[in-house]
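**Q** Next come the chains, spelled out residue by residue.
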Amino acid sequence: MSNRKINMKEKYRLLTRDLDWEYSYRDYKEVFPQQEFEGIKITDWSKWEDPFRLTMDAYWKYQAEKEKKLYAILDAFSQNNSQLNVTDARYVNAIKLFLTGISPGEHQAAMGFGQVGRQLGGVGARVACQMQAIDELRHVQTQIHAMSHYNKFFDGFQDFSHMHDRVWYLSVSKSFFDDARTAGPFEYMVAIGFSFEYVLTNLLFVPFMSGAAYNGDMATVTFGFSAQSDEARHMTLGLEIIKFLLEQHPDNLPIVQRWINKWFWRGTRMLSLVAMMMDYMLPNKVMSWQEAWEVYFEEAGGSLFKDLARYGIEMPDYAQTAIAEKEHISHQVWSMFYNYGHATAFHTWMPTEKEMDWLSEKYPNTFDKYYRPRFEKWREMEAAGERFYNPTLPMLCQTCQIPMGFTDMEDPTSIFYRQSEYDGERYNFCSDGCKDIFDHEPEKYVQAWLPVHQIYQGNCGGPSMEDVLGNYYKINLGVDNMDFHGSPDEERWNIWHNLQPAEDKLKQAS
Amino acid sequence: MSKAFIALQDNEESHYIVEAIEQDNPTATVIYQPAMIRIENEGRLVINRATVEEKMGRDWEIPALHVNLITLGGNVDEDDDQFSLTWKQ
Numbered sequence: 001m002s003n004r005k006i007n008m009k010e011k012y013r014l015l016t017r018d019l020d021w022e023y024s025y026r027d028y029k030e031v032f033p034q035q036e037f038e039g040i041k042i043t044d045w046s047k048w049e050d051p052f053r054l055t056m057d058a059y060w061k062y063q064a065e066k067e068k069k070l071y072a073i074l075d076a077f078s079q080n081n082s083q084l085n086v087t088d089a090r091y092v093n094a095i096k097l098f099l100t101g102i103s104p105g106e107h108q109a110a111m112g113f114g115q116v117g118r119q120l121g122g123v124g125a126r127v128a129c130q131m132q133a134i135d136e137l138r139h140v141q142t143q144i145h146a147m148s149h150y151n152k153f154f155d156g157f158q159d160f161s162h163m164h165d166r167v168w169y170l171s172v173s174k175s176f177f178d179d180a181r182t183a184g185p186f187e188y189m190v191a192i193g194f195s196f197e198y199v200l201t202n203l204l205f206v207p208f209m210s211g212a213a214y215n216g217d218m219a220t221v222t223f224g225f226s227a228q229s230d231e232a233r234h235m236t237l238g239l240e241i242i243k244f245l246l247e248q249h250p251d252n253l254p255i256v257q258r259w260i261n262k263w264f265w266r267g268t269r270m271l272s273l274v275a276m277m278m279d280y281m282l283p284n285k286v287m288s289w290q291e292a293w294e295v296y297f298e299e300a301g302g303s304l305f306k307d308l309a310r311y312g313i314e315m316p317d318y319a320q321t322a323i324a325e326k327e328h329i330s331h332q333v334w335s336m337f338y339n340y341g342h343a344t345a346f347h348t349w350m351p352t353e354k355e356m357d358w359l360s361e362k363y364p365n366t367f368d369k370y371y372r373p374r375f376e377k378w379r380e381m382e383a384a385g386e387r388f389y390n391p392t393l394p395m396l397c398q399t400c401q402i403p404m405g406f407t408d409m410e411d412p413t414s415i416f417y418r419q420s421e422y423d424g425e426r427y428n429f430c431s432d433g434c435k436d437i438f439d440h441e442p443e444k445y446v447q448a449w450l451p452v453h454q455i456y457q458g459n460c461g462g463p464s465m466e467d468v469l470g471n472y473y474k475i476n477l478g479v480d481n482m483d484f485h486g487s488p489d490e491e492r493w494n495i496w497h498n499l500q501p502a503e504d505k506l507k508q509a510s
Numbered sequence: 001m002s003k004a005f006i007a008l009q010d011n012e013e014s015h016y017i018v019e020a021i022e023q024d025n026p027t028a029t030v031i032y033q034p035a036m037i038r039i040e041n042e043g044r045l046v047i048n049r050a051t052v053e054e055k056m057g058r059d060w061e062i063p064a065l066h067v068n069l070i071t072l073g074g075n076v077d078e079d080d081d082q083f084s085l086t087w088k089q
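Chains as they are written, first to last, in the working numbering: chain E, 1 to 510; chain W, 1 to 89.
It should be emphasised that the hints constitute simulated quantities derived from the structure, not laboratory data. Incorrect hints may appear among the rest.
[To be verified] A few chain W residues facing chain E, derived, Cβ under 8 Å: (1) K3; (2) Q33; (3) L72.
Just so it is clear, the structure is predicted and the values come from calculations on it, not from any experiment. All C-beta atoms in this analysis are idealised placements derived from N, C-alpha and C, irrespective of residue type, glycine included.
For reference, chain E alone in the conformation it holds in the complex (with noise of 0.2 Å):
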């Protein structure tokens, strides 16, 4: 047959083959010259295979396929009132973080492809990285469009974009995208496509997204699959990376390792938010932390590590505290936030009576040993109105500028910490991954822009707690922060549904 269909290999090979030019007035090196700096060496583009073989217009049909889906369905949330229908109103606080924190780490993936496409000599990975920046800037959109909806009934969405770029804990995630996007190109692909999208997003947008929908939250569930069913596809783009890296010449594998720990480190660290938002932002729980953690990474993870093994690769340093690290972390970060909840631009609380025996049945090894008697204790002083938070300021990790509050798994009750000296300055860090990261490259992260660091040193908007919070941050003081309780989120949520707060209650009894 003379008209013949082309199958979908011959299409790709079509599209990444085919379109490519040889350079015959400008050098190789001139028209891409970040190849070489980091040490890799690629030897023959031609052998780079996405497995994926998706052309553009398969691209565009599927892509347009999900958009209208994505958006009957925010029309139908935002039609029906549907923002009512969620379990309580504490859960619109995950929302609000991952609004704050998340959705503008999508914005920097789609620069970071953008940027990383560009310099990438094979015309298979050029291709695969613009689709995957065009991927991103579609997450950040949708997820920006169904918050919105949100942000007519609820406080502390209005001024995310603003507040990604000053607020303390936000430098969590920003940092991460800012210290990718200012590494080499291979760096960034071993970074973001690799560490972050096949060994940690599904921790993000798997169970977290599985519990949005447990806990009726309609629209976020659907941006948060609709972005991850593009998700599946940048995890085999990262694993292509991985596997051509290795193919390619035998000097690749050092660096590829020591990028692999690097980044599932500052990965861990990132997630540590998501831990939180799991065990305690959402009150119907779907599955704990730790068993998210063993299903994403101890075993999906570890199913793809004995995969690479035949190429040399080991699971990264480190993956035995991030292991240990797993009964603990949630308890500790949300520990954190509880402290500085008069500096968050979400509400924060202890979990009821109901939850923490959830937490102590999921944490049989450490919640009541280690988290439960400080969260009652706390739990007394709010009773008693004296609501604790902690006046000072964190000294936080230079890597991954959390606040110094993890511990040390050997001794569970006592903070990890280190120290390294460089040109004659101390620098502090929460973990030995941050520690080494650091050694590595110090110039480049003692330029870190810490937030507490900045407050001190007169930065950000005045010396005291209003210049800052209030006028820097652009946080409404007494309205997007503070405990849950008393808040006019809570307030109005009451309202809605016809319930009186406990104290009302009893008022009116007497």
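Given chain E's structure and the hints, the job is docking chain W onto it.
**A** Just chain W now, with coordinates in the frame of chain E:
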């Protein structure tokens, strides 16, 4: 052996895909979670276009999988007739 897995959004279209996977991978385990369906199998998991078409009663292309896909584990291989996930160790 490691488990190859795929997770799909829990919707009408996915139900046919899951039926097809169950038929073509008799040892696979299907796990229902809120809003999603996870299917796992030791070593290898395949989706055949022909089986999905038979279950749906209409034409279906492999890339249409992307619309309902949430996540996967395993090395992907895809052509016009089959999508497979494999761990090589």
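**Q** Does each hint hold? Answer for all of them.
**A** Here is what the structure says about each hint:
A cut of 8 Å between beta carbons decides the hint on K3 of chain W: the least distance to chain E is about 7 Å, and the hint holds. Nearest Cβ of chain E to the Cβ of Q33 of chain W: about 5 Å, under the 8 Å cut. The hint holds. At about 5 Å, the closest approach between the beta carbon of L72 of chain W and any beta carbon in chain E falls short of 8 Å, and the interface hint on this residue holds.
Against the hints set out earlier in the document, no violation occurs for any number.
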